[in-house]
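Chemist: Working from the sequences, and respecting the hints, build out all of it.
So the chains spell out like this:
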Amino acid sequence: MSEPTAPEGRREWPLWEVFVRSKRGLSHGHVGSLHAADPEMALRMARDVYTRRQEGVSIWVVEAASITASSPDEKDPFFDPAADKVYRHPTFYDLPEGVEHL
Amino acid sequence: MTVPVSTLELAPSAQYALRLGDDALVFAQRLGEWSAKAPELEEDVALTNLALDLLGQARALLTYAGTLEGAGRDEDALAFLRDERDWVNVQLVEQPGGDFADTIARQLFFSAYQFELYGRLVDSVDETLAAVAAKAIKEVAYHRDHAAQWVIRLGDGTADSHARMQAGIERMWPYVAELFDSDELERDLVGQGIAVPSAELREPWQRFVDDVLAEATLSLPERLWTAPGGGRRGIHTESFGYLLAEMQHLHRSHPGARW
Numbered sequence: 015m016s017e018p019t020a021p022e023g024r025r026e027w028p029l030w031e032v033f034v035r036s037k038r039g040l041s042h043g044h045v046g047s048l049h050a051a052d053p054e055m056a057l058r059m060a061r062d063v064y065t066r067r068q069e070g071v072s073i074w075v076v077e078a079a080s081i082t083a084s085s086p087d088e089k090d091p092f093f094d095p096a097a098d099k100v101y102r103h104p105t106f107y108d109l110p111e112g113v114e115h116l
Numbered sequence: 196m197t198v199p200v201s202t203l204e205l206a207p208s209a210q211y212a213l214r215l216g217d218d219a220l221v222f223a224q225r226l227g228e229w230s231a232k233a234p235e236l237e238e239d240v241a242l243t244n245l246a247l248d249l250l251g252q253a254r255a256l257l258t259y260a261g262t263l264e265g266a267g268r269d270e271d272a273l274a275f276l277r278d279e280r281d282w283v284n285v286q287l288v289e290q291p292g293g294d295f296a297d298t299i300a301r302q303l304f305f306s307a308y309q310f311e312l313y314g315r316l317v318d319s320v321d322e323t324l325a326a327v328a329a330k331a332i333k334e335v336a337y338h339r340d341h342a343a344q345w346v347i348r349l350g351d352g353t354a355d356s357h358a359r360m361q362a363g364i365e366r367m368w369p370y371v372a373e374l375f376d377s378d379e380l381e382r383d384l385v386g387q388g389i390a391v392p393s394a395e396l397r398e399p400w401q402r403f404v405d406d407v408l409a410e411a412t413l414s415l416p417e418r419l420w421t422a423p424g425g426g427r428r429g430i431h432t433e434s435f436g437y438l439l440a441e442m443q444h445l446h447r448s449h450p451g452a453r454w
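Protein chains in written order, with my numbering: chain A, 15 to 116; chain B, 196 to 454.
Hints listed in this document are in silico derivations from the structure and should not be mistaken for laboratory results. A quick note: this is a predicted structure, and the numbers were derived from the prediction, not measured. For each residue, glycine too, the CB sits at the ideal point set by N, CA and C. Among the hints, erroneous ones may be present.
As the list claims (entries may be wrong) - For the chain B half of the interface with chain A, some residues (derived, Cβ under 7 Å), not all of them:
1) A233
2) E237
3) V240
4) N244
Modeler: Have a look at this one:
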């Protein structure tokens, strides 16, 4: 599908995905998306839209077009094979006697 | 309650707090006009965020002015029950920003001014003013940056955005000189270590604005008229009465109305 055409200089701003790390968080989590002209503006817009209530101490923005995502069509081959491998979870194993603090 | 005297008859310290508070409140009202009307949703939230910062500054300053006055007027009485000639804000903040470029030019000029002002007011011997400034300086630093980013993108953008941004700069420029006017009241308070000498803010202000405009490929108008000013004496421009009418009518129609 081709992009809708617009007069030169009047195109929509690109879409950015926003990731915020909260004060106690160890990693950035996806919080939403927004439109902005360039990365610096996207950061500022993200600050205004997504951290108004002290949600974060660090922001990443990534142009949505740069993200490679798994396809819903590949869901079965991608994820189903893990469904019957219970031994990949720590709960599968019995603790030997005498192990404390677990 | 006694009938309030004219703002211009208040004690100097109360008038000074009112000047800074009126600047913030009128500017907040102007920025709030973009609510639900900004060019993009994201910018809508951004501009109203700035407005809320300014409203917070205004509340603290008007409350303090009322305390200094000592006649029982609170922030609401000062915000909603004063007429045009009793407002002592500079004329720049009351200028309509109907074109987005006008709004951004106004923001650049005023936020750069507030940044220098609060940066020095933190050293005031008046502890309340110093505390308000210490909180506000972080907010204003962001306002100034927000405006600068936009000026650079619009100025150095398309031919159309460049022309409109230049026009915005030229529409707001006549009201810049008033920001740096000093008067006797201010000089008196500067002598006591309370106020900031406005004239001394001009040089750092100019450096910042020049850098932004250069990066934005814009220029300051060399020969343009200067507005006669007088905001600090209660003289205002044509659109100010309409702004007050919109801001005050609810409170005046329903005194004491609450959410």
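Chemist: Please write out, lowest number first, the hints stated earlier that are contradicted by the structure.
Modeler: 1
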